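From just these sequences and the hints, can you work out the full model?
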Amino acid sequence: MAKVPTPKLDELEKGPWPSFVTEIKKRADKHAACSDLLGILERSYNEKIGHWKHGGIVGVFGYGGGVIGRYCDLPEDFPGVAHFHTMRVNMPAAWFYTSEAIRTLCDIWEKHGSGLTNMHGSTGDIIFLGCRTEDLEPCFAELAEAGFDLGGSGSDLRTPSCCCGMARCEWACYDTMGFCYEMTQHFQDELHRPAFPYKFKIKAAGCPNDCVASIARADLSVIGNWRDNIQIDAAEVTNYAKAGLDIAADVVNNCPGQCIRWDGKTLTIKDEDCKHCMHCINVMPKALRPGKERGATLLLGSKAPIMEGALLSSVLVPFIEMEEPYDDIKELIEAIWEVWCEDGKNRERVGEFIQRVGMGNFLEAIGLEPDPNMVAHPRENPYVFYNLNEEEESDE
Amino acid sequence: MAKVPTPKLDELEKGPWPSFVTEIKKRADKHAACSDLLGILERSYNEKIGHWKHGGIVGVFGYGGGVIGRYCDLPEDFPGVAHFHTMRVNMPAAWFYTSEAIRTLCDIWEKHGSGLTNMHGSTGDIIFLGCRTEDLEPCFAELAEAGFDLGGSGSDLRTPSCCCGMARCEWACYDTMGFCYEMTQHFQDELHRPAFPYKFKIKAAGCPNDCVASIARADLSVIGNWRDNIQIDAAEVTNYAKAGLDIAADVVNNCPGQCIRWDGKTLTIKDEDCKHCMHCINVMPKALRPGKERGATLLLGSKAPIMEGALLSSVLVPFIEMEEPYDDIKELIEAIWEVWCEDGKNRERVGEFIQRVGMGNFLEAIGLEPDPNMVAHPRENPYVFYNLNEEEESDE
Amino acid sequence: MAEAPAKRITDIGPPHHKKFLPPVILNNYGKWKYHEIPRPGVLLHVGETGDKLWSVRAASPRLIAIDTLRWYADLADKYAGGHLRFTSRNNVEFLVTEEKNVDPLIAELTAAGYPVGGTGNAISNIVHTQGWVHCHSAATDASGIVKCVMDELTPYFTSMKLPGKLRIALACCLNMCGAVHCSDIAILGIHRHAPAIKHDQVKKVCEIPSVVAACPTAAIRPATVEGNASVEVIEENCMYCANCYTVCPAMPLNDPDTDGVSIWVGGKVSNARTEPRFSKLAIPFLPNNPPRWPEVTEVVKKLVELWAADARKYERMGDWIERIGWPRFFKLAGIEFQKQHIDDFKHAGLTFKRSTHIRFDKA
Amino acid sequence: MAEAPAKRITDIGPPHHKKFLPPVILNNYGKWKYHEIPRPGVLLHVGETGDKLWSVRAASPRLIAIDTLRWYADLADKYAGGHLRFTSRNNVEFLVTEEKNVDPLIAELTAAGYPVGGTGNAISNIVHTQGWVHCHSAATDASGIVKCVMDELTPYFTSMKLPGKLRIALACCLNMCGAVHCSDIAILGIHRHAPAIKHDQVKKVCEIPSVVAACPTAAIRPATVEGNASVEVIEENCMYCANCYTVCPAMPLNDPDTDGVSIWVGGKVSNARTEPRFSKLAIPFLPNNPPRWPEVTEVVKKLVELWAADARKYERMGDWIERIGWPRFFKLAGIEFQKQHIDDFKHAGLTFKRSTHIRFDKA
Ligand code: SRM
Ligand code: SRM
Ligand code: SRM
Ligand code: SRM
Ligand code: SF4
Ligand code: SF4
Ligand code: SF4
Ligand code: SF4
Ligand code: SF4
Ligand code: SF4
Ligand code: SF4
Ligand code: SF4
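Top to bottom, those sequences are chains A, B, C and D.
Residue numbers for the first sequence follow the working numbering, so the first one is 17 and each next one is one higher.
Residue numbers for the second sequence follow the working numbering, so the first one is 17 and each next one is one higher.
Residue numbers for the third sequence follow the working numbering, so the first one is 19 and each next one is one higher.
Residue numbers for the fourth sequence follow the working numbering, so the first one is 19 and each next one is one higher.
All clues given are correct.
Where chain D lies over chain B, by a calculated footprint (3+ residues, C-beta under 8 Å):
1) 228–242
2) 329–341
3) 374–386
Treat the hints as calculated values from the structure; they're not laboratory data.
Because the structure is a prediction, the values reported are computed rather than measured.
Beta carbons: idealized from backbone N, C-alpha and C, even for Gly.
Next comes the structure, spelled out in structure tokens:
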């Protein structure tokens with residue numbers, strides 16, 4: 017229990033949804049951090065303000081990322097949370113575990129910290145919530161012994177994440193988990209030792225449903241796609257229709273490519289007009305499947321609002337085949353990093369960087385040709401740059 | 017004829033479209049300005065460059081606008097166009113003339129200038145093309161005698177213009193010509209004596225077809241609209257269907273409000289979903305007409321690209337009844353001018369000004385309430401201003 | 019300026035339009051019932067009373083001599099009770115109340131080289147500007163290109179066989195006099211070199227702070243050059259808009275070798291079906307090739323015919339492109355997609371493709 | 019930082035996932051054929067071979083004690099061959115290969131207070147952040163509001179009766195950890211006062227040029243205050259984003275009276291049917307009213323039910339609003355449209371209504 021009464025927090029144990037307060041209470045008798053967390057949180061609930069101090073540079077030896085330092089501003093009243101750092105532990109791809117792995121993590125975290133976790137953080141890491149400075153290094157050592165490593169924080173590559181893809185989904189157009197793992201391993205140095213202008217996130221989704229929200233929150237969004245024709249199982253189409261699916265209303269009318277026809281008997285798709293939105297496949301998973309020539313669309317630059325306003329990732333490579341060990345993608349990523357590290361400003365995400373230097377210039381710098389699929393539409397303003405002097409020179 | 021051979025320009029007398037070269041040639045023997053215009057233009061055609069100098073402040077007494085000064089850079093070679101100013105003569109609303117009025121204008125312009133015109137300039141004025149400085153004032157005096165006045169130029173109210181509206185169109189939702197005339201007369205001082213941060217244009221279209229392109233090129237776009245139901249003549253609908261109009265394909269499927277139904281016999285419109293796009297009415301002018309509660313939508317701020325990029329006008333007042341003498345609109349215009357003149361930067365159009373100070377602040381300043389019809393959608397970025405200090409103060 | 023004459027009439031505004039309206043209009047003002055287009059170039063408006071008005075629309079080069087204007091007046095007297103008007107796209111219209119006058123009027127106009135048309139689903143006159151005829155700022159001529167392009171497109175003016183209206187406009191520099199930025203096809207004069215600065219004159223003829231403030235991309239800064247208080251232009255930040263030249267004559271951009279035109283497509287103004295929208299860049303540069311600008315006429319004609327062949331009924335150029343998608347438009351038009359097509363001004367990010375809604379070329 | 023131990027293992031990355039995958043997945047990896055949702059919270063995936071996998075999804079508060087994690091492990095052993103996973107929205111999933119285990123597992127989860135659901139056309143878990151539990155930057159709590167809102171919405175988690183998926187997310191400050199900005203409904207903590215500057219500390223703990231550069235609206239400039247090298251904030255240019263605070267601890271914005279939450283609607287991430295899009299501001303401010311935030315829960319529930327009642331099948335919140343139009347949305351939701359709703363940041367002009375496509379309230 018908390019050392020102080022927590023009438024406000026107790027209110028949050030009511031209701032059908034599982035309660036984080038209950039979770040903290042489960043540990044309140046076992047770890048001072050947990051009882052003091054209840055105390056300080058109750059105080060926040062009374063005062064309507066947080067009680068955590070700004071940042072604090074702590075970490076494990078040789079790494080620049082993976083730990084978020086946190087101290088409370090009432091250490092006398094709540095010494096248990098005087099230090100309350102978090103460790104970001106790199107999760108296994110798509111968050112698959114065995115009970116054994118879970119227990120291993122629990123044992124380590126019981127020994128070295130509060131025993132509270134986030135499963136998982138918004139970037140995808142296992143969050144060990146509440147660690148004292150002196151426990152960081154031993155905890156890290158035991159994690160490493162057990163085969164776990166830290167994730168990213170600060171201006172580094174952040175922990176890549178992915179949807180369950182081929183492991184548990186019939187629509188995965190490439191091996192999201194294999195790709196995620198390979199990137200994470202290949203860029204270990206970039207992940208642990210911040211050397212970028214700002215953070216860089218990679219998220220991998222197996223198809224345009226984008227179940228890891230990669231297009232909204234990854235500097236590099238890798239979204240599975242196919243470039244041939246949707247596979248149709250005519251018999252299953254009939255079954256859906258018989259089972260009562262209103263194919264005209266539910267499928268045809270919702271197709272953004274306006275390319276599906278259904279005459280009551282046969283469903284045909286004009287695939288060159290298909291926008292690969294997934295809707296028809298989503299509605300009839302037994303009858304329709306992505307094509308066989310599969311790969312991914314690479315998109316670049318999404319991020320949260322600060323400072324130039326939020327961005328969605330935009331198309332960089334309309335289609336790429338996804339073959340281990342993904343050397344072409346690694347090279348592309350490295351080319352992007354090189355240009356961005358060279359010319360990016362401090363705390364400038366790659367999406368903002370591109371807007372500042374211009375997509376055309378950026379493409380030139382990373383060695384990609386402009387493609388009309390990169391734009392929703394060509395420019396509307398007539399402010400077009402030329403480099404006639406240079407062009408003439410290079411003509412010589 | 018031109019004093020020099022014009023082989024290049026002569027090429028432009030070929031072909032089915034009427035030729036401006038032919039027009040100039042019609043006068044080449046009659047006025048030195050015209051033969052020298054041919055000469056200097058031929059030179060431009062050879063050299064691929066214009067031969068006019070930058071600006072020049074000339075005008076008529078007491079006016080700051082209405083004349084564009086123009087001198088050529090080859091006065092020795094082409095003395096006829098050494099001075100080649102234009103006078104912007106305010107056209108009658110919607111460009112209606114009698115043959116007599118046309119002849120009057122021709123006579124005056126023959127006497128005082130080159131005899132070349134633009135019927136009309138892009139803002140709508142009658143353009144007298146090619147006047148010497150010393151002819152400006154006498155020409156102006158004769159025009160005034162004949163009942164004509166100059167239009168705008170510089171940082172003033174520009175000559176308001178309008179579609180033919182009620183004079184020749186069944187869809188006019190208000191009297192565009194009457195409105196245009198009234199504004200022009202009421203704001204004579206603002207039209208002739210530049211006192212704004214930059215130009216201000218008013219264009220009046222009778223319905224959302226916007227036949228004067230007001231939404232693209234008027235600081236204030238006044239576009240006719242109705243707020244009740246489209247008038248349907250069921251018999252005429254049947255006639256269109258009988259005559260072969262494919263109402264489902266041509267009308268229903270193109271309705272952006274998705275609010276028309278056609279069962280093969282009866283056409284019904286769910287008017288609360290109608291977006292007032294005009295399409296159905298355009299296709300079936302005998303059967304459908306705008307409603308009876310007519311007025312206009314006021315939109316603000318369109319302009320050409322320089323400098324912040326082109327703008328389209330955006331909704332300021334979703335619907336207003338249009339009643340002579342339009343006092344409410346005059347007041348609104350004056351309120352806009354007041355705020356803009358107070359805080360606008362030099363050469364800042366009102367549309368750019370609004371973007372700089374914020375639409376919300378602008379509305380407060382001119383005394384209009386925010387309305388969801390003013391936006392395509394609410395803001396996406398979380399950069400929201402509050403003025404709690406002020407609010408608290410004003411609460412006291 | 020001349021000295022003020024003793025008794026001056028000023029601030030009278032234009033004549034009241036009612037003085038110029040024909041009786042049929044005065045009687046049916048606000049009471050028209052419907053219209054028809056009995057033949058290309060002729061609008062028949064019918065009033066509630068049954069009154070009829072035939073408006074006959076003829077092409078105009080816009081730049082017209084008073085000789086032609088007087089001839090118009092004569093035609094108006096002969097066929098239209100002395101009544102005529104001009105349209106918002108600079109065509110002339112004769113307001114005829116007697117049906118029998120329609121055909122002879124058309125015959126006379128046509129014979130004189132003024133085609134009749136521009137109504138309904140047609141290409142109307144090209145809205146345009148001054149060019150080398152009058153403006154100091156022009157990166158290309160206006161009337162000349164218009165003549166050449168319309169020579170090619172006259173058949174689409176005199177008929178009504180297109181899927182919808184198609185509006186072409188031309189502006190000779192980025193000031194874009196006219197609604198060029200919202201046209202189905204826009205022809206726009208452009209420079210491609212930074213201003214040549216006459217350093218000895220800047221201080222004399224320009225206000226340096228205004229010049230600096232005039233640059234949309236902040237490419238200009240004050241500088242002392244060869245002892246003169248002047249400005250310098252950071253060339254890689256200059257996109258040749260010529261706004262500096264507008265406020266400062268000592269910074270001209272005109273250049274015979276690098277000036278030319280760009281082609282923009284897919285804009286519209288009307289609210290019919292889809293909302294008004296800006297034109298987008300199709301071709302970044304075509305050379306100034308007077309007197310007939312063959313590259314420009316060819317491409318405009320090609321674009322018109324591409325659209326005419328593939329668009330659905332009522333589908334404006336931009337609606338058609340939206341439907342087929344920009345990648346396919348570029349492919350069909352045979353236009354290479356280049357760096358210049360990708361926006362890099364203020365709102366650039368919003369024009370990027372922010373989804374996987376991609377159409378792949380199927381093998 | 020601690021001293022380095024003698025033999026350190028570093029840079030090993032996460033364990034390879036194949037070590038954790040159950041045999042049924044290893045055997046069907048990339049060879050799943052289709053799926054069904056036999057009941058809310060249960061996904062049945064069927065492989066080409068006919069193999070079957072039932073994934074049972076249960077709600078999670080995300081902040082979980084190891085006690086609960088160990089219980090999950092026990093459940094996994096008991097029903098799922100020791101295999102479990104977490105989803106991208108922080109639910110837990112048990113990977114069951116024997117159909118008979120499904121119902122008992124669900125019964126045990128439910129009995130323990132962990133509802134099973136979140137599949138298909140449902141409301142899944144709320145993606146959220148740290149709030150007062152851990153972050154210095156929070157303008158509101160995270161877990162607390164999430165608990166209160168989901169208490170109201172649990173019936174939509176455990177059933178599949180909504181028109182489409184509805185994704186809610188919460189972020190406790192404008193940094194927006196999580197994809198809040200593209201959610202059907204987003205709950206966002208906001209400040210409403212400019213930073214309180216501790217002038218005696220700025221110089222010591224912050225880099226003044228970085229602080230100045232950090233402000234999106236250029237509201238900060240260097241200044242000497244009370245003899246200290248510090249900064250000043252032009253208050254009318256400050257919109258309380260707290261980016262200055264992120265780079266400078268001496269500029270806190272937290273304030274018990276004026277902090278609170280804003281509500282955003284209509285964003286989405288998937289490419290299904292329509293393109294991904296940002297959420298838009300629905301309610302500029304609701305007070306922090308712990309422990310149960312009644313104003314927030316009420317409004318979120320109302321918005322969900324408004325949408326549920328009126329949207330067409332598959333229509334996400336934003337698609338629905340697009341169809342009915344924002345004015346009608348505001349009217350139906352009973353939300354007053356205010357100054358704050360109108361964008362006034364960089365791209366503001368593009369969000370204005372640039373057409374006459376207006377729907378009027380008919381009498
Ligand atoms: C823990 C976590 C929230 C959570 O509860 O899940 C988190 C917590 C913090 N984030 Fe975040 N971010 C977390 C995922 C995100 C995401 C989502 C994502 O990665 O998918 C985003 C939005 C996507 C993006 O990157 O744009 C995100 C956007 C930010 C930003 C804004 C970045 C920007 O460019 O606008 C900041 C500000 C900064 O970096 O200074 C930030 C900063 C922070 C800091 C470090 C606070 C700060 O100002 O220094 C927070 C530490 C909180 C604490 O005390 O623990 N966090 N942050 C997430 C990381 C857990 C993990 O590793 O799994
Ligand atoms: C004559 C005319 C073009 C034509 O051939 O029809 C014209 C000609 C000039 N315009 Fe224009 N504009 C003309 C209609 C327009 C329009 C269209 C309209 O009014 O509907 C526009 C676009 C709409 C708008 O206002 O944004 C237009 C946008 C400009 C601009 C850009 C303004 C801006 O805010 O971006 C400039 C630059 C300036 O004002 O310094 C400009 C400047 C000029 C100047 C005065 C050149 C200059 O830099 O000083 C041109 C004088 C040319 C000459 O030598 O005769 N003109 N100008 C049009 C006026 C005739 C008339 O009075 O009827
Ligand atoms: C005469 C004129 C108004 C004037 O006061 O001068 C006019 C007159 C009519 N317009 Fe227009 N429009 C005129 C310029 C415009 C413009 C402005 C422009 O082109 O710069 C537009 C906006 C163009 C745009 O969107 O870019 C315009 C968009 C329309 C539309 C919508 C067309 C569409 O589908 O987008 C209609 C409806 C229709 O034609 O079905 C229309 C319909 C009409 C009707 C049928 C109205 C009526 O009932 O009398 C008139 C005959 C149209 C015809 O020519 O087929 N008028 N009309 C203008 C003739 C210009 C010319 O010489 O060609
Ligand atoms: C398990 C999970 C992936 C993972 O690796 O963790 C997943 C799994 C599936 N998703 Fe998803 N999606 C998951 C997060 C997402 C997200 C991301 C998010 O919510 O942050 C999205 C994007 C949401 C958005 O647009 O804002 C997402 C958008 C979809 C869609 C598109 C829905 C739409 O109509 O917009 C589908 C298709 C469908 O459901 O018809 C889909 C379909 C599916 C299918 C049916 C795929 C399959 O064949 O197995 C899976 C079961 C869906 C279900 O729950 O009904 N999944 N799915 C995630 C479960 C999260 C949860 O606990 O609720
Ligand atoms: S993103 Fe596609 S492949 Fe990945 S889980 Fe979602 S639906 Fe399956
Ligand atoms: S994937 Fe989308 S665009 Fe393609 S056919 Fe299916 S519904 Fe249409
Ligand atoms: S804008 Fe409307 S009212 Fe005016 S002429 Fe065009 S169609 Fe007629
Ligand atoms: S005016 Fe337009 S939106 Fe209204 S019913 Fe007609 S076609 Fe539909
Ligand atoms: S577009 Fe430019 S060059 Fe042409 S008339 Fe207008 S200002 Fe002059
Ligand atoms: S031409 Fe335009 S971009 Fe170049 S310096 Fe002048 S104002 Fe700046
Ligand atoms: S959203 Fe803000 S307050 Fe919440 S965890 Fe992220 S940085 Fe901290
Ligand atoms: S809170 Fe944001 S807007 Fe205000 S001063 Fe700080 S950085 Fe600038």
